[in-house]
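Number of protein chains: 2
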Amino acid sequence: MPAQRIIALDAMGGDHGPEVVIPGADIALVRHPQLEFRFFGDEAAVQPVLQRYPKLAARSQIVHTTVVVKSDEKPSQALRRGRGSSMWLALEAVQKGEADIAVSAGNTGALMAMAKLVLRPIADIERPAIAALWPTVTSECVVLDVGANIGASARQLCDYALMGAAMARALYHIEKPTVGLLNVGVEEIKGVDEVRQAHAWLKETKDLPIDYRGFIEGDQIGQGVVDVVVVEGFAGNIALKTAEGTARQIAQYIRAAMKRSLLSKIGALLARGGFSVLKEKMDPRRANGGTFLGLNGIAIKSHGGTDALGFASAIDLGYDMADSGLLTRLTADLVSFHGKLDAAVGK
Amino acid sequence: MPAQRIIALDAMGGDHGPEVVIPGADIALVRHPQLEFRFFGDEAAVQPVLQRYPKLAARSQIVHTTVVVKSDEKPSQALRRGRGSSMWLALEAVQKGEADIAVSAGNTGALMAMAKLVLRPIADIERPAIAALWPTVTSECVVLDVGANIGASARQLCDYALMGAAMARALYHIEKPTVGLLNVGVEEIKGVDEVRQAHAWLKETKDLPIDYRGFIEGDQIGQGVVDVVVVEGFAGNIALKTAEGTARQIAQYIRAAMKRSLLSKIGALLARGGFSVLKEKMDPRRANGGTFLGLNGIAIKSHGGTDALGFASAIDLGYDMADSGLLTRLTADLVSFHGKLDAAVGK
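Those protein sequences? They're chains A and B, same order as listed. Heads up, the final residue of the first sequence is numbered 347 in my numbering, and it's a clean run with no missing numbers. Heads up, the final residue of the second sequence is numbered 1347 in my numbering, and it's a clean run with no missing numbers.
Honestly, the hints are just simulated from the structure, not real lab data. No incorrect hints appear here.
As a list, the in silico DSSO-like pairs of lysine-lysine whose alpha-carbon atoms are at most 27 angstroms apart: (1) B:Lys1203 <-> A:Lys74; (2) A:Lys203 <-> B:Lys1074; (3) B:Lys1265 <-> B:Lys1279.
Produce the entire structure from the sequences given, and follow the hints as far as they go.
So, in structure tokens, the structure goes:
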């Protein structure tokens, strides 16, 4: 029997608040009927929506708060003002062991700052990262960091490798996930000392719980050459957004191309089965949710503008991670790696 | 009457050498019948191919050399060994005023290093950049730096803005191109001081020959929100490769989706007019060629694996740039900007 899990949800986060969060939870409940939910937010806004979903309501509690983190609030502001907010309380439920995972579609910067403060980094991780699921031609891969931090030291890049591997292990059930380090192809240009040092450490350190495959380039991510792609957060965020933008751009091309003649329109109609498969493949909702990795607890960031199906994917992602015992294993892996690294660099 | 232009071509560069370079030049000659060509390379390899194109042969000279820069050669090696190579001589022809532009499909790092040494940076540019043409839903834009350098100071990012604007002006005939600075969306995270400082300077400096629009994110590049996108070379290279990879990935999805049922196959057949428009839109050969900007001369890098049509696009690009008097104008713009900047920072 699948384990009982309690999901803490920031009911007020995202562009649509309870109107997306609650239907999203209802979809997740159909997939995993043993789940229970805690909705953190304004009871007056949450209760009327929840009533429309009686099965979900029967397995839910509302924890009332009127404090809400705004989408344009700076992380520092949110930390000052937002203790007791729906976002904060959802994270706190995980920290107290009252919930297994927290999901919010709210302000990313604020969620990151609060998650760091409430859940605390594991082992001696210096910086948690945000991991994204990236669709590939074969299936999908984990890419991190996609924007928690700008820049990363060699040691942090190695930490990302282990953190991403823990996530890939949880989601894809591979004991030693393959890992690639994102780099540029031109040789002998200066400035990527951190990337080169991380490469050396990942290659040389013995008995790492990963299958390190060396450098990869941006065009290889979508080909599914590795399970985990490691990159510092500025380039990682730009890569993710660029891929999303390119997919949207091509979808626009396709729509325009299929409307240009009567024959194309008829053809597109006949091929609509094929197009719906394509649409599903390119559906950003399937891979909704960035995961904060490196914290003592699982916190998932859903896209702010997603719909119920997308929000349900974010819950699913957290569920799979909680179910795998990821945190215990990752903590042990990081402690072991840092021990080896400190020995190697003569600390 | 269009101006007479002489094109210096590294006949030995790229995966296919003269077999692509010469047919590529032949296509360019059809488009611009007033062009003349200098092919630098091994006469024994070049002559037999050139003979197959009598019209082109009548407007071409071969400059013989057996020295060739290898595709896996490091830039430092190429500089030591490669003076007198087909790549070097093509660049030298531009430097001596014997040709208007040089095009090579050879080793990027070597070409960059040689171009810097032979053509020299203009004004007090610290670092030349590589600019790429990026297809957008409306038309295309210029993105730089896509990999000449890793990292960039605030001043260098501003230089890139002016350099990209000069290129956009030449290609799109817009007097004040719109410019965006690529950044990540999360606020108040540390480390992008250079980007923020460049943003301030571009916003505050009076009478710049650009229409500065502020920060943009990766997903906006393909939407054509600006004519010029500025980013340091590591993230820029990753963004470019990621977009190329995503386009290839989606093309694979489309092919698979259209083969999944008989109805889809028939539909795809009827819609083949639409698909061919789509294919053309997504054709990487249309935007072939990275341009080295910031040098006293125009040097174009074609993709190493491109075909004749792609190589012809790279020649076209160089032709348009040479035709616009870009270098004189850019030099003046840079000198003026540096003067204002030095005054502003109290130098």
